[in-house]
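As given, the protein sequences belong to chains U and B, one line each in that order.
Just so we're aligned, residue 1 is where the first sequence starts under the working numbering, counting upward by one.
Just so we're aligned, residue 1 is where the second sequence starts under the working numbering, counting upward by one.
These are calculated hints, taken from the structure and not from any lab test.
Just so it is clear, the structure is predicted and the values come from calculations on it, not from any experiment.
Check each hint, because a few of them may be wrong.
Said to hold, decoys possible - Heads up, incomplete: computed chain U residues facing chain B, CB under 10 Å, no partners named:
(1) S6
(2) N39
(3) A177
(4) C201
(5) H226
(6) H236
(7) R258
(8) L266
(9) R269
(10) R272
(11) G283
(12) S313
As the list claims (entries may be wrong) - Pairwise CB distance ranges, derived in the manner of DEER restraints:
(13) G345(B) with S321(U): 21 to 27 Å
(14) S28(U) with I358(B): 42 to 48 Å
(15) G345(B) with S28(U): 32 to 38 Å
(16) T202(B) with G8(U): 28 to 34 Å
(17) R324(B) with R40(U): 39 to 45 Å
(18) S288(U) with F219(B): 47 to 53 Å
(19) I28(B) with T23(U): 55 to 61 Å
(20) D140(B) with A177(U): 56 to 62 Å
(21) S139(B) with G8(U): 32 to 38 Å
(22) G8(U) with I358(B): 49 to 55 Å
(23) H31(B) with K298(U): 31 to 37 Å
Beta carbons are placed, not taken as given, at the ideal position from N, Cα and C, and that holds for glycine.
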Amino acid sequence: MTIFRSLGDVHELVDSFTRPVRTILPVSRLRDDPDGEQNRWQAIVELGWLGISVPEEAGGIGLSAIEEVLAAQSFGRQLISTNYPATVIAAHAFHKAGDGDAVRALLAGEARAAFALQGNAPGARSAIDAEGATYLVALTGKGIEICTSGSLEINDDVHWGRTIFSTPANEPLLLDASPDTAIRSRLLIAALLAGIATECCERGVEYAKVREQFGQPIGAFQAVKHHCADMAIMAHAAKELTTSAALAFTEGHAEAGREADAALNLALRAARHNAGKNIQVHGGMGFSAECDAHLYLKAARLLDAACGGLSESRRRLMNYS
Amino acid sequence: MAATPSTIEDEALAAFRAEARTWLKANIPDHAAPLDGPQSRRYVLEWQRKMYDGGWAGLTWPSEFGGRSLSVVQQIIWFEEYARVGAPSTHNASFVGVNHAGPTIIACGSDAQKAFHLPKILSGETIWCQGFSEPGSGSDLASLRTQGRVEGNEIIIDGQKIWSSYADIADYQELLIRTEPGSERHRGITWVICPMNLPGITVRPIKTMAGPAKFCEVFYDQVRLPIDQAVVGGMNNGWKTAMATLGFERGTASLALQIGLVDKIERLARDCTDPVLAPRLADLRADAAALRAMSYSFALASETGTPGSEGSLIRLYFAELAKRASDAAIDLYAIGSPALAGDHGWAFEYLDAFSETIAGGTAEIQRNIIGERVLGLPRGK
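So that you can see chain U by itself, here it is in the shape it has in the complex (with noise of 0.2 Å):
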């Protein structure tokens, strides 16, 4: 049995296959090269990142859901495209379900998931990106929907960084309800949050160390300063919390479902808090395009409505006893 697994040794494996993150998906592509993500997603395959903790047999790398929330951790810095968490999501639900042919379909970069959101009219349904996926994932009440993708019109490509579509509501393909698929994409959800509520807080604090008003950097001031603290709480407490949830899923503690809960609800809120902050702390520049703060506060957004945001989160929480 494990106790109180030290992850040293983890955090370096993790490191060794997620190195080259910064140099595939640097953040400036969104702003310098939107159309480019298509032509990243083979990179993202070939390196196998979309099935971390997918077993060997079924292709995948077999590590557990500890490596795939650290690396997620580094792919979320980098606003990798929300069709990462849909693709892994959709993986793991088809192996669940023993359709070995999507799940390698999936992993080999021949078919690829986007998210579906909940619409507010009946029978409506957004999707994010879901430009050339096959299936929609939609993580519901109910469990993980997935349906195949239909027909798609652009409902706004200005306001997301992403393109939303409004797309039919179809039938299901597969409903996966089972606790163990829903904790992993809660936990992978919170992971990539916890990586922007990371990154957020770095590129504030940096900004702040050079940016130079009434004679001093303004990370001096401690109106400023204290900015840059909350965001370093906050994404620490993110990153610890989804880390400590990830161990207990792997070690199949009972807690594990509430523990993935909390991840995701205090990862919802650093997130949106840092990628606020953030922006506040660039100033004029941090309110233009042509500065890369609105971007993480974006992809914040469409991860929180991904998973149904904080009340949904909220309401889980409050439903353990």
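Fit chain B to the given chain U structure using the hints.
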């Protein structure tokens, strides 16, 4: 509270947990701890004595000084069980002796000081208080001015300390004084053991906004200490002596309080049936889980090496969470309910929590420290 999510206990740890639980259930005092005064002294010494006799005193102390040298995982298990049965808060009159003065003497004291003081602290014979803050030196401790004049084999102390918890019922004080005339900041300070019954010492308890009078002002008028018995860690080396146990204080000594808070928040969340309050309690529940994840991982790291700078993040997180939790408790139970009344009810917790973001360096100073020492931001001009 359920077992910690990141632990899977092996048989030895499960047996340790069972042993701790059995002993605690059989031995926790049958009445709640008085908050101040001589009755508080009797209560705390009796409880310390009981833990000593049961082999549960000095969990973190090395065994050569009568401690248990428990691993961090064992300490966590002990404090989880401690919180579960509602054992007396560790933030009581024995805290300074067990968690601060004792470890400082272990780290920097002479053999005679160790032999005399350590057994008395562990077995519940003596109470210690801390004499660090002064009226003009709160968050900025290095500006302290209480003077120690060396005369032959003695130091003669004149000055004033404040916010010294339980000084009115303490036997000894760990005291910081300026022994090098004209010295400034961290230089020229000495850490001394000061018996509280010496001529020239006057103690005045200060009633707090939460009710009890545990904080005290202490006045020193020509108080004479023998140098060889009093000085710990060398003359004019007091800042270093005080810092020797800082890592300890900020590492595992806070575990008991952190675990206690997690436990209290769980109880609040379970009692909440109001849909309007539920979202707040849900966030508090997640915050409590984060506090636990952070403090366990920090405590474990401190066992295997030097703990990182994240201790200052956790400390501030704890302080603000304690305030928000008790604020929610007042809304949840409402004034007039039994849950608020009494020495240890939520009304006391709520009012007392205001000290969390002040004591030991205000939240504003903590944020400066995080900004400058953890994040590397520049100091203001």
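Hint check results:
{"no.": "1", "hint": "S6", "result": "holds (7 Å)"}
{"no.": "2", "hint": "N39", "result": "violated (36 Å)"}
{"no.": "3", "hint": "A177", "result": "violated (23 Å)"}
{"no.": "4", "hint": "C201", "result": "holds (8 Å)"}
{"no.": "5", "hint": "H226", "result": "holds (4 Å)"}
{"no.": "6", "hint": "H236", "result": "holds (5 Å)"}
{"no.": "7", "hint": "R258", "result": "holds (8 Å)"}
{"no.": "8", "hint": "L266", "result": "holds (5 Å)"}
{"no.": "9", "hint": "R269", "result": "holds (7 Å)"}
{"no.": "10", "hint": "R272", "result": "violated (12 Å)"}
{"no.": "11", "hint": "G283", "result": "violated (16 Å)"}
{"no.": "12", "hint": "S313", "result": "holds (7 Å)"}
{"no.": "13", "hint": "G345(B) with S321(U): 21 to 27 Å", "result": "holds (24 Å)"}
{"no.": "14", "hint": "S28(U) with I358(B): 42 to 48 Å", "result": "holds (44 Å)"}
{"no.": "15", "hint": "G345(B) with S28(U): 32 to 38 Å", "result": "violated (56 Å)"}
{"no.": "16", "hint": "T202(B) with G8(U): 28 to 34 Å", "result": "violated (53 Å)"}
{"no.": "17", "hint": "R324(B) with R40(U): 39 to 45 Å", "result": "holds (42 Å)"}
{"no.": "18", "hint": "S288(U) with F219(B): 47 to 53 Å", "result": "violated (60 Å)"}
{"no.": "19", "hint": "I28(B) with T23(U): 55 to 61 Å", "result": "holds (59 Å)"}
{"no.": "20", "hint": "D140(B) with A177(U): 56 to 62 Å", "result": "holds (58 Å)"}
{"no.": "21", "hint": "S139(B) with G8(U): 32 to 38 Å", "result": "holds (35 Å)"}
{"no.": "22", "hint": "G8(U) with I358(B): 49 to 55 Å", "result": "violated (37 Å)"}
{"no.": "23", "hint": "H31(B) with K298(U): 31 to 37 Å", "result": "violated (57 Å)"}
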